[in-house]
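Order-wise, the sequence lines are chains A and G. For the first sequence, our numbering gives the first residue as 1, with consecutive numbering after it. For the second sequence, our numbering gives the first residue as 1, with consecutive numbering after it.
Treat each hint with caution, since some may be false.
What follows is a set of in silico ranges between Cβ atoms, one per label pair, in the way DEER data are often shown [stated by the list, open to error]: (1) G:Phe68 - A:Phe20: 47 to 53 Å; (2) A:Pro203 - G:Glu5: 39 to 45 Å; (3) A:Val73 - G:Phe68: 48 to 54 Å; (4) G:Phe68 - A:Thr27: 46 to 52 Å; (5) G:Ala19 - A:Leu216: 43 to 49 Å; (6) G:Phe68 - A:Gly153: 18 to 24 Å; (7) A:Gln148 - G:Pro69: 44 to 50 Å; (8) G:Trp36 - A:Gly153: 43 to 49 Å; (9) A:Gly151 - G:Gly20: 21 to 27 Å; (10) G:Gly42 - A:Gly153: 16 to 22 Å; (11) G:Ala19 - A:Gly151: 55 to 61 Å; (12) A:Thr50 - G:Ser9: 55 to 61 Å; (13) A:His30 - G:Thr56: 21 to 27 Å.
Going by beta-carbon spacing under 10 Å, a handful of chain A positions derived as facing chain G [what the hints assert, rightly or not]: (14) Leu53; (15) Asn57; (16) Met61; (17) Pro62; (18) Lys63; (19) Ile65; (20) Asn67; (21) Val68; (22) Trp69; (23) Ile83; (24) Glu87; (25) Arg176; (26) Ile220.
Covered stretches of chain A, going by a simulated chain G footprint (3 or more residues, C-beta under 8 Å) [to be verified]: (27) 74-82; (28) 222-236.
Keep in mind that the hints were calculated from the coordinates and are not lab data. Just so it is clear, the structure is predicted and the values come from calculations on it, not from any experiment. The beta carbon of each residue, even a glycine, is placed where N, CA and C say it ideally should be.
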Amino acid sequence: MSATAEGGGAAHHGPVDPLFNVAIPGTDFHLPIYNFVITSWVIMFILVFTAWLATKNMHRMPKGIQNVWEYAVDGLFSFFGGIMGEERARKYGPFLGTCFLYILLSNYSGVIPGAAMIKGFVPPTNNVSITAGLAVLVFLSVFYFGIQAKGIGFFKHFFQPMAFLFILNVIEELVRPISLSLRLYGNVYGEETIIAQLGEMVPFLVPLPMMVLGLLTGAIQALVFTLLASTYIAGATEEHH
Amino acid sequence: MKEDEKNQSYKAVGLIMSAGMTMAVSVTIGYFAGSWLDKYFGTKPWLTLIMFILGTAAGLKSLYDLAFPKKGRD
């Protein structure tokens, strides 16, 4: 229903032909545009467009799309507030919340009928390059926010609680983006593959329980990713008194 | 208050679900980094062994850091 074995497999595994190439002016280089990039653009457009719609004419008593967005933003900010405190949640919440909504929509896009069968429609988080990109973004933002908050003192945490733990701290720091990206990719890919295989065997009704489970795991994985990102950022920007 | 409790349980679920992958990746990265270094320096099997142990230790440390964030320790 959501992905055939061929469609799903070819769309995100092994050598895939790009949908089209964009020539970079002044160079010989052609930027390949893949299926999942198109879906990613659509998701970005949906997020930006609905956010614009919700905020262009705001009312004191929210209704319609403004209500939906206020509910989402309020819920996310209170969640991040529980991890890093109200003040820092306001500061870093927009970045973390955007990650959450993007991953959530990406995961859910795989449950829409036609995903991986229509050209240019593959859940982006089903591809390790997208999840790796997100993880690298979190990795860099931890350094950026950390240095912004504490200056050069940020690097002190590599020698804490004891100096000889430096090498462990470095390994820990490097493992973070890899585990973040593999966790998200593995879960989404695994779930999509099971649905595809079940759909191959019995196309009707049987994959349905798996798809319902997919809705749950999609939300949980988006939550886990942003939760970890927020604990990393909280750790990097923590003020010691 | 109720909202707070709900958020805390989401947080607990997320942390528990992330623990397995963190540990697995740490050990694997340690092992592969060690075997690459061994090939590079020709010191087989010592660096593999050392990096494997360091990877495992780093995995345990990151689990500890996840379970007891700095805020709680100060």
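Hint-by-hint comparison with the structure:
1. G:Phe68 - A:Phe20: 47 to 53 Å: 50 Å, holds
2. A:Pro203 - G:Glu5: 39 to 45 Å: 42 Å, holds
3. A:Val73 - G:Phe68: 48 to 54 Å: 30 Å, violated
4. G:Phe68 - A:Thr27: 46 to 52 Å: 50 Å, holds
5. G:Ala19 - A:Leu216: 43 to 49 Å: Distance hint for alanine 19 of chain G, leucine 216 of chain A is violated at roughly 19 Å.
6. G:Phe68 - A:Gly153: 18 to 24 Å: 22 Å, holds
7. A:Gln148 - G:Pro69: 44 to 50 Å: Violated - the Cβ-Cβ distance for glutamine 148 of chain A and proline 69 of chain G, about 20 Å, lies outside 44 to 50 Å.
8. G:Trp36 - A:Gly153: 43 to 49 Å: 33 Å, violated
9. A:Gly151 - G:Gly20: 21 to 27 Å: 36 Å, violated
10. G:Gly42 - A:Gly153: 16 to 22 Å: For glycine 42 of chain G and glycine 153 of chain A the Cβ distance comes to about 40 Å; the hint is violated.
11. G:Ala19 - A:Gly151: 55 to 61 Å: For glycine 151 of chain A against alanine 19 of chain G, whose Cβ atoms are near 32 Å apart, the range 55 to 61 Å is violated.
12. A:Thr50 - G:Ser9: 55 to 61 Å: Violated - the Cβ-Cβ distance for threonine 50 of chain A and serine 9 of chain G, about 29 Å, lies outside 55 to 61 Å.
13. A:His30 - G:Thr56: 21 to 27 Å: Once the Cβ atoms are compared, 44 Å apart, the range 21 to 27 Å for threonine 56 of chain G and histidine 30 of chain A is violated.
14. Leu53: 27 Å, violated
15. Asn57: At about 28 Å, which exceeds the 10 Å cut-off, the nearest Cβ of chain G leaves the hint on asparagine 57 of chain A violated.
16. Met61: 21 Å, violated
17. Pro62: 18 Å, violated
18. Lys63: Check failed: Cβ of lysine 63 of chain A comes no nearer than 22 Å to chain G, outside 10 Å.
19. Ile65: 23 Å, violated
20. Asn67: 18 Å, violated
21. Val68: 18 Å, violated
22. Trp69: It is violated, given that the least Cβ distance between tryptophan 69 of chain A and chain G is near 18 Å, above 10 Å.
23. Ile83: The hint holds - isoleucine 83 of chain A has a Cβ within 10 Å of chain G, the shortest such distance being about 7 Å.
24. Glu87: Because about 13 Å separates glutamate 87 of chain A from the closest Cβ in chain G, which is outside the 10 Å limit, the hint is violated.
25. Arg176: With Cβ-Cβ at 8 Å, under 10 Å, it holds.
26. Ile220: OK, holds: isoleucine 220 of chain A within 10 Å of chain G, min 7 Å.
27. 74-82: holds (count 3)
28. 222-236: Result for this restraint: holds, n = 7.
Hint compliance for this structure: hints 3, 5, 7, 8, 9, 10, 11, 12, 13, 14, 15, 16, 17, 18, 19, 20, 21, 22, 24 are broken, all remaining hints hold.
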